[in-house]
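Here's the letter readout for the chains.
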Amino acid sequence: MTHALEQCGSGANFIFDSCQAIGHTMLKLFTSVGRLSVFIFHAVVSCFLPPYFGRLMVRQFIDIGYYSLPVIGMTTLFTGMVLALQSYTGFSRFNAESAIASVVVLSMTRELAPVLAGLMVAGRVGAAIAAEIGTMRVTEQIDALTTLSVSPFKYLIAPRVIAGTLMLPLLVLIGDAIGIFGGYVIAIHDLGFSAGSYLTQTWDMLETEDVMSGVYKAAAFGFIVSIMGCYHGFNSGRGAQGVGAATTYAVVSSSILILISNYLMTQIFFS
Amino acid sequence: MTDLKIQLKAVEKAFGKNHVLNGVDLDVPKGASTVIIGGSGSGKSVMLKCILGLIHPDRGSILVDGREVTHLGAKDRDETLRKFGMLFQSAALFDSLPVWENVAFGLIQGRRMDRKDAYKTAVEKLEAVGLNEDVGRRFPAELSGGMQKRVGLARAIAANPEIIFFDEPTTGLDPIMADVINDLIVKTVKDIGATALSITHDMASVRKIADYVAMIYKGKIVWSGPIDKLDNSGNEYVDQFINGRADGPITDEAVKEALGKTA
Ligand SMILES: Nc1ncnc2c1ncn2[C@@H]1O[C@H](COP(=O)(O)OP(=O)(O)OP(=O)(O)O)[C@@H](O)[C@H]1O
Ligand SMILES: [Mg+2]
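Protein chains in written order, with the numbering used here: chain H, 1 to 271; chain E, 1 to 263.
Bound-form chain H, shown alone (with noise of 0.2 angstroms):
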């Protein structure tokens, strides 16, 4: 009898943990949604009212832009030579061989460019972000900024959010023409294409809407980077640990919003 009702008090103590618990992580998300919400209006109005920082701007043009050259490089690169190998095992066994150009490019402006490229400067550019602005936080250097009256939203997350929405896009499209150039170099180098025939489907296959898309898409893209980077660091938890925990933060969630948002966005602009 005891030992029955015994069972059952723990079977209701169990429910009423559990409802507990995922009340808390619900009440904890919401708040983390809420947060990030006033995080990215405050980003954004920043980002279109005066004083601008110029220097910084330029600074984080090069930082975000120009230095991720060679990692988007070689990804795209890469990348459209798989694309053209892996299509030629599939394609040649129905003759269809012709297909490989139109494989490459499509996959390459709609998806793989943008995606990729997203990813990688999400790595790259996103845990550079979060770990600098959270060692400032962390080295009370934030505060400093702020007793100096100079508003580190305009100051440091203004020119960041700025530079990675507009970098990437033109980063996707030097990453569209690599990797169509890597497809290419595989065509005719191994897979026996002629450099004309190759090039006119190419051609034919290219158009400016696939092209847009990809360019939107890595608009989104930079933009989710920088702002998951500057509000990771910016809302860094004390000393080293906190640090190296907002740069993980900051790469997982802006990969993981990266995947979701381009779902999305797919579904936008292709149905």
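Be aware that a few hints might be false.
Distance windows between CB atoms, simulated [claimed, not checked]:
#, chain 1, residue 1, chain 2, residue 2, range
1, H, A21, E, R137, 49 to 59 angstroms
2, H, V33, E, H71, 17 to 27 angstroms
3, H, Y52, E, E142, 29 to 39 angstroms
No lab work stands behind these hints, which were simulated from the structure alone.
C-beta atoms are modelled at their ideal positions from N, C-alpha and C, and glycine is treated no differently.
Based on these hints, arrange chain E with the ligands on the given structure of chain H.
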């Protein structure tokens, strides 16, 4: 009664379960130098940050020039912050900028001063803290801790603020340089007529720079008064602190632990 520049009433602040400030009442007279003493971790730095609005107090009121500052909008807060200069305990220099630009930062970015004029001011202020123009061209990471502290001090006074906060200005300095800095603080208060609020553990510094002293313990001000009353305050906390005794009413966990180890 003298004019009050800053007034704290029943200010409370907790970080989670850690109650750091438990009702701080403090009057900071205008144009004088007030020094706060108290054990490590007693909430001195947090108190300064509450006044600056870098940390939001949970309860209580803070008046600067008679105006409530705990719930200011962005614009009013900016206006209020322009009255302040702050030396952070960790110096908090911008490591991406050369030293001179650190000192001139508030002038160039905050007040839109011409870079050339700002440079001149920066060099002047650096000289006032015993650093030459050469140091101005280096980066903060290339300086020793004490030098960084002095750069932080130069930055705090660069815009000739009405109110200056010094969080442990002489910690990490040799006794001679500490004295130079003490003189500088006294001079700044006298010359510009600034109001200074300093935190220090260094009793020699207290005696040199303070007009008024307040002692904080467990998140409360347990004693405050003019410097000449410090030695006969009749307050056992103050007596223990200024004489640096391990036994007395102050039984911090840290002190206890240290006693346990030596016993
Ligand atoms: N941002 C923060 N988040 C959480 N806790 C904090 C924060 N800032 C300070 N604290 C806590 O508040 C307490 C008081 O810290 P504070 O820096 O004010 O001490 P202090 O009196 O300046 O000591 P010291 O003389 O060593 O500088 C400490 O227990 C510290 O852990
Ligand atoms: Mg402190």
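*Is the gap between the beta carbons of H/A21 and E/R137 within 49 to 59 angstroms?*
At 57 angstroms between Cβs, range holds.
*Take a look at whether the Cβ-Cβ distance between H/Y52 and E/E142 falls inside 29 to 39 angstroms.*
holds (30 angstroms)
*Evaluate the given range 17 to 27 angstroms for the C-beta pair formed by H/V33 and E/H71.*
25 angstroms Cβ-Cβ, so the 17 to 27 angstroms window holds.
In summary, the structure agrees with every hint in the numbered list given earlier.
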